[in-house]
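Visitor: The primary structure of each chain is shown beneath.
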Amino acid sequence: MNKYLIFRTDRIGDFIFSRMITDAIKKKNSSNIIDFVCSSYNANYVRNFKDVNKIFILDKYNLNLMIKNLIAINSEKYDYLIVLDGKRRSIFFSLLLSAKYKIAVLKDWRPFLLLKLFYDKFIINSEVKSQYNNFTSLANLIDLKISKNIDYYKSYRFKKKSKYITPSNFTLLHLDEKWFEGFYYKDFIYMNLNKKNFDLLIKTIFNKFKKPIIMTSGYTKIPILNEIIKKNFIKIKDDEFVSKKYKNRLQFFDNTDFQDLELIVKKSKAVICCEGAISHVSHSFGKITYALINDINTAIFWTNHMPKIKLIARNKISYICKDLKRI
Amino acid sequence: MNRIKIIHIADLHFRHNGRLFYSTGKKINNGLILNGHNVLNISDRDVTKQSRNIFDIKGKKFLFNLILENIKNFKPDMILFGHVDRLNYLSLLELKNKFKQIKFAQWFLDPLIKKGPDYQKNKDRFFLKYQFCDGNFITTSPSEIDFVNREKTFFIPNPIDPSIDIYKNYLSEHQFDIFIAISHGQHRGILKKDFTDNRVQVIKKLTKKATYNIFGYKNNPVWGQNFFNELNKCSMAINLSRGEPIKYYSSDRIASLLGNGLLTFIHENYEYQKFFNKNEIVTFKNINDLNKKILFFKKNKKLQKKIAANGHKKAHKIFNNQLISEFIVNKTMGENIKKKYSWMNE
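Protein sequence lines, in the order shown, are assigned to chains R and L. Every number in our numbering is 229 more than the matching position in the first sequence, counting from 1. Every number in our numbering is 9 more than the matching position in the second sequence, counting from 1.
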């Protein structure tokens with residue numbers, strides 16, 4: 230039996246992707262212990278996995294908590310310390326932690342000297358290979374074998390009940406901040422979705438799937454999305470809206486948390502979203518998934534482990550609609 | 010067959026002054042050239058040996074820059090690595106990142122057996138390049154290795170080169186019955202003090218009723234032309250490899266034994282029966298079985314020569330260096346394999 234401490238202080242999608250490592254650890258020996266260092270943002274979600282033993286919160290603004298966790302972690306005597314997120318805060322914090330074997334995945338920030346001094350090995354999450362292959366390399370370095378068929382939701386506690394009532398057969402359109410300029414990476418291409426072209430997108434989805442549409446969004450409040458909702462929907466109860474034009478065939482669920490979204494994805498027939506946590510969830514459930522991606526040429530880096538996913542290049546809504554019809 | 014430009018980075022043993030002129034790297038290199046490819050050689054270990062200085066103690070920076078310059082000038086379609094341990098992870102990443110259009114491949118001859126010698130060391134050496142290579146060619150069956158992707162990892166036998174393996178021992182009578190050669194590493198050349206392994210245990214239990222020409226046990230191994238001179242004094246040979254037998258893995262010495270017409274004995278757990286039938290090679294189950302078979306073939310000279318001749322003919326046909334080199338190129342470049350031999354499907 231070995232004890233593993235894994236740093237994953239970034240987004241929920243990244244954590245879901247990392248399930249391939251936890252899956253391999255448990256497959257190697259089911260009594261292996263896996264603890265996580267999370268951010269306060271993703272910790273609540275990570276808690277839902279029964280195979281995660283302990284969670285330590287890493288908050289760079291809370292010195293007391295850092296010291297407390299430093300002592301607690303060092304008293305655990307880990308066999309393996311794995312920094313998967315490549316964040317500066319994780320690398321610096323982990324320098325002070327002891328483990329028999331320390332390994333890190335690096336992104337753009339690459340402090341080679343520090344790593345040579347304090348780590349056994351590192352790999353770079355470079356786009357030369359897919360992220361899946363990079364993680365396979367990491368797994369090999371610590372004698373783990375990543376399976377081709379990973380059940381990302383093994384040992385997961387789904388939310389028992391959701392307040393959102395969905396139809397039995399529907400398409401999910403997930404409009405998170407990645408759709409709208411000013412809320413995500415600056416160098417990404419954005420879809421110019423607005424109240425004028427919104428109806429074109431909805432009509433295309435209706436024509437393509439011939440099913441009702443459920444629309445959801447992320448945590449970030451987006452003014453353009455609010456305008457779209459205001460113009461096209463009527464509030465029927467708390468956090469539930471129906472379309473003025475399409476009535477119950479188009480609904481918008483507001484303020485969904487990630488676990489609500491998982492349940493909605495689970496019930497859906499097809500999902501349209503930007504590549505990220507929701508596309509991972511959707512692909513894991515075996516749903517027909519259309520994911521918008523910034524660069525189709527480098528898409529394999531992100532989606533190599535999701536062979537059935539259908540990719541659409543991020544572009545203006547009119548092009549997205551054409552691609553949706555075509556694919 | 011498309012003729013391509015290949016940079017072959019492998020130890021060509023210039024610093025060994027001809028002692029290892031029959032190395033696998035050289036045989037593969039000859040195969041590539043005979044197939045009409047334009048091959049540029051970089052003998053990595055010779056380069057680092059000659060370029061060490063106080064600012065570049067192991068000569069690795071010099072080697073990396075030399076490789077970069079060679080790629081820029083030669084513009085290869087493929088880079089084939091041998092046992093190149095002088096490039097680190099970051100250097101390989103940079104090469105792959107800078108030259109995305111070039112296909113990368115490696116051949117690797119050392120055992121990748123969990124229970125075998127130097128497993129972790131060999132795995133690390135192989136895996137370092139494996140991560141970046143489009144084709145990986147190993148002398149162990151990929152089905153026995155749990156960490157490789159079989160879509161890009163393939164078995165190759167140890168190659169026989171008709172310009173090097175030129176003898177036909179089955180045609181004449183010899184001073185000794187059995188040739189056995191083991192070593193503690195071909196670069197080292199001489200034996201390690203107080204070191205023993207499973208091969209010595211086998212040698213100690215061999216029947217005393219046969220005559221032996223043994224190197225690497227009690228006396229130092231022989232190299233260069235002396236190796237072939239000593240091999241030519243024998244009619245039969247036992248192929249001994251380090252570690253537990255594993256599917257298809259063998260010391261590269263097997264190519265010299267089969268390729269020069271000696272009747273070759275090999276443990277059945279190496280599963281060479283898949284490539285050679287009982288009229289071409291002799292397999293044994295254990296030491297008693299081996300001793301029985303040695304004595305049988307010592308008495309039955311005619312059959313001994315016949316099997317040795319058949320084995321020689323078959324080995325030159327299916328383990329030929331041109332064939333293996335072409336398999337490496339075609340698999341790496343994603344081209345069809347025209348000649349199909351059983352080892353190509355492993």
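A portion of the hints provided could be inaccurate.
Claimed, not checked - Subject to a maximum C-alpha distance of 16 Å in a straight line, what follows is the list of computed EDC-like cross-link-like pairs (lysine to aspartate or glutamate):
1. 350/R / 133/L
2. 460/R / 410/R
3. 227/L / 206/L
4. 256/R / 349/R
5. 130/L / 349/R
6. 377/R / 206/L
7. 255/R / 288/R
8. 105/L / 86/L
9. 476/R / 410/R
10. 374/R / 86/L
11. 107/L / 356/R
12. 390/R / 280/R
13. 350/R / 305/R
14. 473/R / 456/R
15. 256/L / 155/L
16. 459/R / 489/R
17. 256/R / 239/R
18. 377/R / 160/L
19. 336/R / 65/L
20. 232/R / 337/R
21. 81/L / 65/L
22. 112/L / 277/L
23. 257/R / 133/L
24. 392/R / 469/R
25. 124/L / 372/R
26. 450/R / 406/R
27. 283/R / 305/R
28. 256/L / 277/L
29. 256/R / 155/L
30. 450/R / 416/R
31. 132/L / 305/R
32. 109/L / 469/R
33. 105/L / 356/R
34. 123/L / 372/R
35. 392/R / 456/R
36. 374/R / 155/L
37. 424/R / 372/R
38. 130/L / 410/R
39. 450/R / 428/R
The set of hints was computed from the structure by calculation and includes no laboratory data.
Visitor: Next step is simple, just say for each hint if it's right about the structure.
Guide: Going through the hints against the structure:
1. 350/R / 133/L: Holds, at roughly 11 Å.
2. 460/R / 410/R: violated (20 Å)
3. 227/L / 206/L: holds (13 Å)
4. 256/R / 349/R: Measuring from Cα to Cα gives roughly 23 Å; hence the hint is violated.
5. 130/L / 349/R: holds (15 Å)
6. 377/R / 206/L: Measuring from Cα to Cα gives roughly 38 Å; hence the hint is violated.
7. 255/R / 288/R: With Cα atoms ~28 Å apart, residue 255/R and residue 288/R exceed 16 Å; violated.
8. 105/L / 86/L: At roughly 13 Å apart (the allowed maximum being 16 Å), residue 86/L and residue 105/L satisfy the hint.
9. 476/R / 410/R: violated (29 Å)
10. 374/R / 86/L: Distance ~32 Å between residue 374/R and residue 86/L Cα, so the pair is violated.
11. 107/L / 356/R: holds (12 Å)
12. 390/R / 280/R: violated (22 Å)
13. 350/R / 305/R: Outside the cut-off at roughly 21 Å; violated.
14. 473/R / 456/R: Since the Cα atoms of residue 473/R and residue 456/R sit roughly 14 Å apart, the hinted pair holds (cutoff 16 Å).
15. 256/L / 155/L: Given pair residue 256/L, residue 155/L holds - Cα atoms ~13 Å apart, limit 16 Å.
16. 459/R / 489/R: violated (23 Å)
17. 256/R / 239/R: Distance of about 25 Å is beyond 16 Å: violated.
18. 377/R / 160/L: Judged against 16 Å, a Cα distance of about 13 Å means the pair holds.
19. 336/R / 65/L: Violated, at about 28 Å.
20. 232/R / 337/R: Roughly 28 Å between the alpha carbons, so the hint for residue 232/R and residue 337/R is violated.
21. 81/L / 65/L: violated (22 Å)
22. 112/L / 277/L: violated (36 Å)
23. 257/R / 133/L: violated (20 Å)
24. 392/R / 469/R: Holds, at about 10 Å.
25. 124/L / 372/R: holds (15 Å)
26. 450/R / 406/R: holds (8 Å)
27. 283/R / 305/R: Answer holds: residue 283/R to residue 305/R is near 11 Å, not above 16 Å.
28. 256/L / 277/L: holds (9 Å)
29. 256/R / 155/L: With Cα atoms ~14 Å apart, residue 256/R and residue 155/L stay inside 16 Å; holds.
30. 450/R / 416/R: violated (21 Å)
31. 132/L / 305/R: violated (30 Å)
32. 109/L / 469/R: violated (50 Å)
33. 105/L / 356/R: holds (10 Å)
34. 123/L / 372/R: holds (11 Å)
35. 392/R / 456/R: violated (24 Å)
36. 374/R / 155/L: holds (8 Å)
37. 424/R / 372/R: violated (52 Å)
38. 130/L / 410/R: violated (50 Å)
39. 450/R / 428/R: Violated. Residue 450/R to residue 428/R sits at ~21 Å, over the 16 Å cutoff.
Checked against the numbered hints given earlier, the structure breaks hints 2, 4, 6, 7, 9, 10, 12, 13, 16, 17, 19, 20, 21, 22, 23, 30, 31, 32, 35, 37, 38 and 39 and satisfies all the rest.
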